[in-house]
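Knowing the structure of chain A, use the given hints to seat chain B on it.
So the chains spell out like this:
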Amino acid sequence: MREQYAWRSLALAGVLAFVGLSIILQIVHIQTSPEAAIFREQAAQYAETIQTFYPERGEIYDRDGHLLAGNKTVYEIGVNLKSVKDEHAIALAVGVELGLNPDNLYSLMANPPGNLTYLILANYVDADKALALQQLKINADLQAAAGEQSSLSGLEFTPHPQRTYPEGALASNVIGFVSHEGRGYFGIEEKYNDLLAGAPIQVKVPVDPNQAADIPQVPNGTTLILTLNRDLQAATEQILDDSLTKYGAQGGTIVIMDPRNGEILAMASTPRMDLNQFWNYASIYHNASEYNLAVSTPYEPGSVLKILTMAGALDNNTVTPATTFLDTGSILIGGVTIMNWNNQAWGLQDMEGCIQNSLNVCMAWVSSQMGAQSFYEYMNRFGLGHPTSIDLADEAAGRLKTPGDTDWSPSDLGTNAFGQGVATTPIQIMMAASAIANNGRMVTPHVLYAMVRNGRQFNVPAQYAGSPISVHTAQTMNQMLATSIKNEASLASVPNYSIAGKTGTAQIPIEGGYDPVKTNASFIGWGPTDDPRFMIYVWLESPSASIWGSETAAPVFAQVAQKTILMLNIPPDKIREQIAAQH
Amino acid sequence: MIRTIDVIHYAYKQAPWRIQRQWISAFLLVVLGLSMIAALYLDVTARAALTGRDIQNLSANIIAIQQSNADLETNIAMLTSYDAMEKRALAMNYQPAQSNQVQFIVVPGYIAPQPASLISAPSLQPSAPTIRPEYTQSLLDWFDQRLHTPVSISMMGVSQ
Numbered sequence: 001m002r003e004q005y006a007w008r009s010l011a012l013a014g015v016l017a018f019v020g021l022s023i024i025l026q027i028v029h030i031q032t033s034p035e036a037a038i039f040r041e042q043a044a045q046y047a048e049t050i051q052t053f054y055p056e057r058g059e060i061y062d063r064d065g066h067l068l069a070g071n072k073t074v075y076e077i078g079v080n081l082k083s084v085k086d087e088h089a090i091a092l093a094v095g096v097e098l099g100l101n102p103d104n105l106y107s108l109m110a111n112p113p114g115n116l117t118y119l120i121l122a123n124y125v126d127a128d129k130a131l132a133l134q135q136l137k138i139n140a141d142l143q144a145a146a147g148e149q150s151s152l153s154g155l156e157f158t159p160h161p162q163r164t165y166p167e168g169a170l171a172s173n174v175i176g177f178v179s180h181e182g183r184g185y186f187g188i189e190e191k192y193n194d195l196l197a198g199a200p201i202q203v204k205v206p207v208d209p210n211q212a213a214d215i216p217q218v219p220n221g222t223t224l225i226l227t228l229n230r231d232l233q234a235a236t237e238q239i240l241d242d243s244l245t246k247y248g249a250q251g252g253t254i255v256i257m258d259p260r261n262g263e264i265l266a267m268a269s270t271p272r273m274d275l276n277q278f279w280n281y282a283s284i285y286h287n288a289s290e291y292n293l294a295v296s297t298p299y300e301p302g303s304v305l306k307i308l309t310m311a312g313a314l315d316n317n318t319v320t321p322a323t324t325f326l327d328t329g330s331i332l333i334g335g336v337t338i339m340n341w342n343n344q345a346w347g348l349q350d351m352e353g354c355i356q357n358s359l360n361v362c363m364a365w366v367s368s369q370m371g372a373q374s375f376y377e378y379m380n381r382f383g384l385g386h387p388t389s390i391d392l393a394d395e396a397a398g399r400l401k402t403p404g405d406t407d408w409s410p411s412d413l414g415t416n417a418f419g420q421g422v423a424t425t426p427i428q429i430m431m432a433a434s435a436i437a438n439n440g441r442m443v444t445p446h447v448l449y450a451m452v453r454n455g456r457q458f459n460v461p462a463q464y465a466g467s468p469i470s471v472h473t474a475q476t477m478n479q480m481l482a483t484s485i486k487n488e489a490s491l492a493s494v495p496n497y498s499i500a501g502k503t504g505t506a507q508i509p510i511e512g513g514y515d516p517v518k519t520n521a522s523f524i525g526w527g528p529t530d531d532p533r534f535m536i537y538v539w540l541e542s543p544s545a546s547i548w549g550s551e552t553a554a555p556v557f558a559q560v561a562q563k564t565i566l567m568l569n570i571p572p573d574k575i576r577e578q579i580a581a582q583h
Numbered sequence: 584m585i586r587t588i589d590v591i592h593y594a595y596k597q598a599p600w601r602i603q604r605q606w607i608s609a610f611l612l613v614v615l616g617l618s619m620i621a622a623l624y625l626d627v628t629a630r631a632a633l634t635g636r637d638i639q640n641l642s643a644n645i646i647a648i649q650q651s652n653a654d655l656e657t658n659i660a661m662l663t664s665y666d667a668m669e670k671r672a673l674a675m676n677y678q679p680a681q682s683n684q685v686q687f688i689v690v691p692g693y694i695a696p697q698p699a700s701l702i703s704a705p706s707l708q709p710s711a712p713t714i715r716p717e718y719t720q721s722l723l724d725w726f727d728q729r730l731h732t733p734v735s736i737s738m739m740g741v742s743q
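So the protein sequences, as listed, match chains A and B. For the first sequence, position 58 matches number 58 in my numbering, and the numbering has no gaps at all. Remember, my numbering sits 583 above the position in the second sequence when you count from 1.
Isolated chain A, as found in the complex (with noise of 0.2 Å):
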């Protein structure tokens, strides 16, 4: 009987042992056989996913901390076909929610083009539009029977970044605008797009949890701090545009920047346009050079040239303040007469007069005994017809033509000496005179205060372009652009703060020749002439009020002064000075 169960035990064991080494065998055979190979092959596919990880953008902030740009979040609103049961109820509740026609929804559904499974039906929803029909899918979804699809399914939403700018139109010249696709254009944001958008990574991403550590972190773009006073530039960018108003200018743009260290303080030009909506550029500008005239948009600059004329010439002792001229009304240069604004003689000048009478023929007639070599030396030294290197993007160079040029005649040597025949920027003009105001060194004007990047600050150091004159030089020509404001009780001075200037009415140049009635309007100016902490530059567009730019441009340089000696609290002359007498 024991020997019986022993040998039923042991034919259990062996029928068990049998299909243990039968599983074994199968098991062996399965991961051995060629179609193992396929099958590893196909779950290395689905172990991991390449995804495109794209930082945020950084952030643009103006010099106190106020948001220009940022990022909100928008939707992507589409179906999954495979997932849709009610095309028509999807149409219906897309169509209602974001404004869309649902008939054209429907027929997209029922069409798809080509072979695809996921089709968008709209993109940058704003949050509170795709939420509410996110919530209208919730509740379909809980309506719908147990264990069916709700008549909303397949629906999906996809949120992500879109670009922003909480002031609108502020500041639009100079910051810029991001496109769908990512891609800054113009301002700060074409500038500095690579430091803003970061480096996107592609990464292969693991579907096993247990290779989590792996997913990568991706560093945002780095955050921008702006030289912009963001209440300075709305208060500069209001005058600027009633001063279009005043005097009927077809355009035009106002530039403040701090003379001691090339930052810019505020930047108006027109026209300008909400970012939010950046689409309606091809409407706004009809080429790129509009976009910002102060950087972009070279033009002849008329008499605010004379104070870098005259600085060359009293830096290379070709004048003296005191050296006098005999103004006939004319003067020949090359082969052409050269008259005076007014087209009157002035008698005798001192160079002093020269200026504050804004005489053609006596700046002729200084730049004809400075010598075409040293004159264009000069205006090199300058940087006329040199990009001023301004971290925006699209600056334009001008030009400035010189001896051994094919279009360069003897005559350019008299008519460049007060700024026609000659093309610049605001912001190169700018440059130059910050020597004068700067005791004789040059800043580079810049837009960008600091970076901040992995919880660091990087403030950009002030960058200066050389010493094209003296400091002596840049003393004497101080002191003669502050006599003339205030001797001809100009309307540019501002009570109780002394300012250096000069006007500047130019002719346009047209094919042919010069438009006989429309002219630029300009003016450069800085105070306190002792401590400049502004340096102000308004150009106005063919105003039709008055051709002069004493009687637009001057006034609506005052009035920007004043506005900025408010926001800047710079105490007037006579407080500074008491400051100054207690240390």
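Quick caveat, the hints were computed from the structure, so don't treat them as lab data. It is possible that some hints are incorrect.
Said to hold, decoys possible - In silico contact screen, one side only, chain A against chain B (beta carbon under 8 Å); selected entries: (1) R63; (2) P161; (3) T164; (4) P166; (5) G455; (6) Q562; (7) N569; (8) I575; (9) Q578; (10) A581.
Said to hold, decoys possible - So these bits of chain B aren't anywhere near chain A, every CB distance computed over 10 Å: (11) S608; (12) A609; (13) V613; (14) A621; (15) D626; (16) T657; (17) K670; (18) Y677; (19) Q728; (20) R729; (21) H731.
Glycine residues also receive a C-beta, built at the ideal position from the N, C-alpha and C atoms.
Coordinates of chain B only, in the frame set by chain A:
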């Protein structure tokens, strides 16, 4: 004589049922050991998988919170934009100050406002190295680490 030796041999040989039981016990012991290792392995693997999934969810949460922060920051910026603040100021009967309405007073020790500094306290950057090795290393790795880690002995000096 030979028969006598056989009798003695059988007399000292273990009973067959005892040998059988010893074999079964040994086999069951091996099975039990393997089961324990398998259970331990399953437990560790399951916990690692759950933690991995948690990490993925937390990463997604971080991204969502960052987006939410950006949205809130933008909303604040819109509410405090120049236009909005100007409208609020005018509604409260404020007017822009004019030059002749401003008086400057010498205040000893006054420091003019400086440009913005956006640096806040350094935040921890979540990254792979912050995941404890318990969640990533295998049992063999752990044994290897334990074997090769030098024993640290802390010495406390006594001074008199």
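Each hint tested on the structure:
The restraint placing R63/A at the interface with chain B holds, with a minimum CB-CB distance near 4 Å, inside the 8 Å limit. Taken as an interface hint, P161/A checks out: its beta carbon lies about 6 Å from the nearest beta carbon of chain B, inside 8 Å. Given the 8 Å rule on beta carbons, the hint for T164/A holds: about 5 Å separates it from the nearest Cβ of chain B. This hint holds: P166/A has a C-beta 4 Å from the nearest C-beta of chain B, less than the 8 Å allowed.
The criterion of a C-beta within 8 Å of any C-beta in chain B is met by G455/A, whose closest approach is roughly 5 Å, and the hint holds. With a cut of 8 Å, the hint placing Q562/A at the interface with chain B holds, because the nearest CB-to-CB distance is about 5 Å. At its closest, the beta carbon of N569/A sits 7 Å from a beta carbon of chain B; the interface hint therefore holds under the 8 Å criterion. The interface hint given for I575/A holds, since its Cβ lies 5 Å from the closest Cβ of chain B, which is under the 8 Å cut-off.
Because the smallest distance between the Cβ of Q578/A and any Cβ of chain B comes to about 7 Å, under 8 Å, the interface hint for this residue holds. The interface hint given for A581/A is violated, since its Cβ lies 11 Å from the closest Cβ of chain B, which is over the 8 Å cut-off. Under the 10 Å C-beta cut-off, the non-interface status given to S608/B relative to chain A holds; the minimum distance is some 16 Å. For A609/B, the requirement that its beta carbon stay farther than 10 Å from each beta carbon of chain A is met, with the minimum near 15 Å.
For V613/B, the condition that its CB be more than 10 Å from all CB atoms of chain A holds, with the nearest at approximately 14 Å. For A621/B, the non-interface assignment is confirmed: its Cβ lies about 15 Å from the closest Cβ of chain A, beyond the 10 Å cut-off. With a least beta-carbon separation of about 14 Å from chain A, D626/B lies farther than 10 Å from that chain, consistent with its non-interface assignment. Distance to chain A contradicts T657/B as a non-interface residue, since its nearest Cβ pair spans about 4 Å, not more than 10 Å.
Its beta-carbon lying about 12 Å from the closest one in chain A, K670/B satisfies the requirement of being farther than 10 Å from that chain. Distance check on Y677/B: its Cβ is at least 14 Å (rounded) from any Cβ of chain A, clearing the 10 Å threshold; non-interface status holds. For Q728/B, the condition that its CB be more than 10 Å from all CB atoms of chain A holds, with the nearest at approximately 17 Å. Every CB of chain A is more than 10 Å from the CB of R729/B (nearest about 22 Å), matching its label as outside the interface.
No Cβ of chain A comes within 10 Å of the Cβ of H731/B; the nearest lies about 22 Å off, and the non-interface call holds.
Checked against the numbered hints above, the structure breaks hints 10 and 16 and satisfies the rest.
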